[in-house]
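Chemist: Chain by chain, the residues:
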Amino acid sequence: MKELIEYIAKSLVDDPSQVRVDEIEGTTSVVLELRVAPEDMGRIIGKKGRVADAMRTLVRVVAAKQGKRVTLEIVE
Amino acid sequence: MKELIEYIAKTLADDPSQVRVDEIEGSSSVVLELRVAPEDMGRIIGSKGRVANAMRTLLRVLGGKEGKRVTLEIVESPTAEAADGEVAPVDEAAPTEAEVVEEVPIADWEMPSDEELLAAPLEEEIYETTGEQAD
Numbered sequence: 001m002k003e004l005i006e007y008i009a010k011s012l013v014d015d016p017s018q019v020r021v022d023e024i025e026g027t028t029s030v031v032l033e034l035r036v037a038p039e040d041m042g043r044i045i046g047k048k049g050r051v052a053d054a055m056r057t058l059v060r061v062v063a064a065k066q067g068k069r070v071t072l073e074i075v076e
Numbered sequence: 077m078k079e080l081i082e083y084i085a086k087t088l089a090d091d092p093s094q095v096r097v098d099e100i101e102g103s104s105s106v107v108l109e110l111r112v113a114p115e116d117m118g119r120i121i122g123s124k125g126r127v128a129n130a131m132r133t134l135l136r137v138l139g140g141k142e143g144k145r146v147t148l149e150i151v152e153s154p155t156a157e158a159a160d161g162e163v164a165p166v167d168e169a170a171p172t173e174a175e176v177v178e179e180v181p182i183a184d185w186e187m188p189s190d191e192e193l194l195a196a197p198l199e200e201e202i203y204e205t206t207g208e209q210a211d
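Sequence order for the protein chains is R and E. Quick note, the first sequence lines up with residues 1 to 76 if you use the working numbering. Quick note, the second sequence lines up with residues 77 to 211 if you use the working numbering.
Because the hints were derived from the structure by calculation, they are not lab data. Don't take every hint at face value.
Said to hold, decoys possible - If you want the ones that stay clear, here's a sample from chain E, every Cβ over 12 Å from chain R, calculated: (1) 93; (2) 94; (3) 96; (4) 101; (5) 107.
Said to hold, decoys possible - With a straight-line Cα cutoff of 25 Å, these simulated SDA-like cross-link-like pairs (lysine to any residue) come out: (6) E:86 - R:11; (7) R:2 - R:43; (8) E:78 - E:125; (9) E:141 - R:42; (10) E:78 - E:149; (11) E:144 - E:109; (12) E:124 - R:71; (13) E:144 - R:7; (14) R:48 - R:33; (15) E:144 - R:6.
Every residue, glycine too, gets a C-beta built ideally from N, C-alpha and C.
Let the sequences and hints guide you as you build the complete structure.
Modeler: Structure representation (structure tokens):
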């Protein structure tokens with residue numbers, strides 16, 4: 001899950017070197033914390049959060065395969 | 077762009093070996109054709125097309141960086157088409173009834189004489205073409 005978000009975020013941003021994803025894993029749920037450069041926040045969240053929601057949709061499919069719930073948080 | 081979709085699709089699919097992405101590039105637009113195994117079609121498209129649309133959203137951002145419009149098409153993998161009848165492929169190249177050339181039973185057919193052949197007007201096209209090519 002972490003790898004998927006990392007790959008997507010690095011593809012979208014202008015500064016891939018500042019992309020960082022931390023995975024906090026519980027028994028049934030996973031929290032992913034995505035950090036990007038301040039200049040890339042807009043692009044990674046998107047208008048009305050569309051890009052962030054797209055990433056959430058994709059990572060939810062991966063989580064479902066493992067029987068988990070996932071939360072994607074975007075942190076500055 | 078191709079790589080992003082390939083990576084996402086391979087992560088989501090149960091059978092990553094059947095994931096294939098073809099990129100057809102124009103001057104201002106790009107068409108991506110994503111093929112997955114029939115068993116993975118549901119997961120790749122998602123309910124109400126949510127997963128497919130999520131991929132399209134990401135592609136739009138990427139396309140925007142290059143000033144291109146991106147179209148993502150999801151096509152069933154041709155290699156496993158027959159394995160699962162869930163989505164019946166429409167064979168567009170198959171002739172419709174009207175286009176089938178009428179067959180004369182062999183017993184009723186006689187070789188035309190030379191005079192008949194010479195007198196017959198030249199036909200430009202003996203068979204009507206469908207104008208469409210098989211995929």
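Chemist: For the pair supplied as a hint, residue 144 of chain E and residue 109 of chain E, is the alpha-carbon distance within the 25 Å limit?
Modeler: Between residue 144 of chain E and residue 109 of chain E the Cα gap is close to 16 Å, so the pair holds against 25 Å.
Chemist: Is the Cβ of residue 94 of chain E farther than 12 Å from every Cβ of chain R?
Modeler: holds, 17 Å
Chemist: Report holds if the minimum CB distance from residue 101 of chain E to chain R is greater than 12 Å, and violated otherwise.
Modeler: holds, 17 Å
Chemist: Hint check: residue 144 of chain E vs residue 6 of chain R, CA-CA at most 25 Å. Holds or violated?
Modeler: Satisfied, since the Cα-Cα distance of roughly 23 Å is no more than 25 Å.
Chemist: Below or equal to 25 Å on CA atoms is what counts here, so check residue 86 of chain E against residue 11 of chain R.
Modeler: Satisfied, since the Cα-Cα distance of roughly 16 Å is no more than 25 Å.
Chemist: Beyond 12 Å on every Cβ pair: is that true for residue 107 of chain E relative to chain R?
Modeler: holds, 19 Å
Chemist: Please work out if residue 78 of chain E and residue 149 of chain E have their alpha carbons no farther apart than 25 Å.
Modeler: holds, 12 Å
Chemist: Hint check: residue 48 of chain R vs residue 33 of chain R, CA-CA at most 25 Å. Holds or violated?
Modeler: Cα-Cα ~19 Å, so holds.
Chemist: Within a Cα-Cα threshold of 25 Å, do residue 141 of chain E and residue 42 of chain R meet the stated pairing?
Modeler: holds, 13 Å
Chemist: Residue 144 of chain E and residue 7 of chain R: Cα distance at most 25 Å?
Modeler: holds, 21 Å
Chemist: For the pair we were handed, residue 78 of chain E and residue 125 of chain E, check the Cα-Cα distance against 25 Å.
Modeler: Within the cut-off at roughly 20 Å; holds.
Chemist: Taking the minimum C-beta separation from residue 96 of chain E to chain R, is that value above 12 Å?
Modeler: Its Cβ never comes within 12 Å of chain R, the nearest being 18 Å, so this holds.
Of the numbered hints listed earlier, not one is contradicted by the structure.
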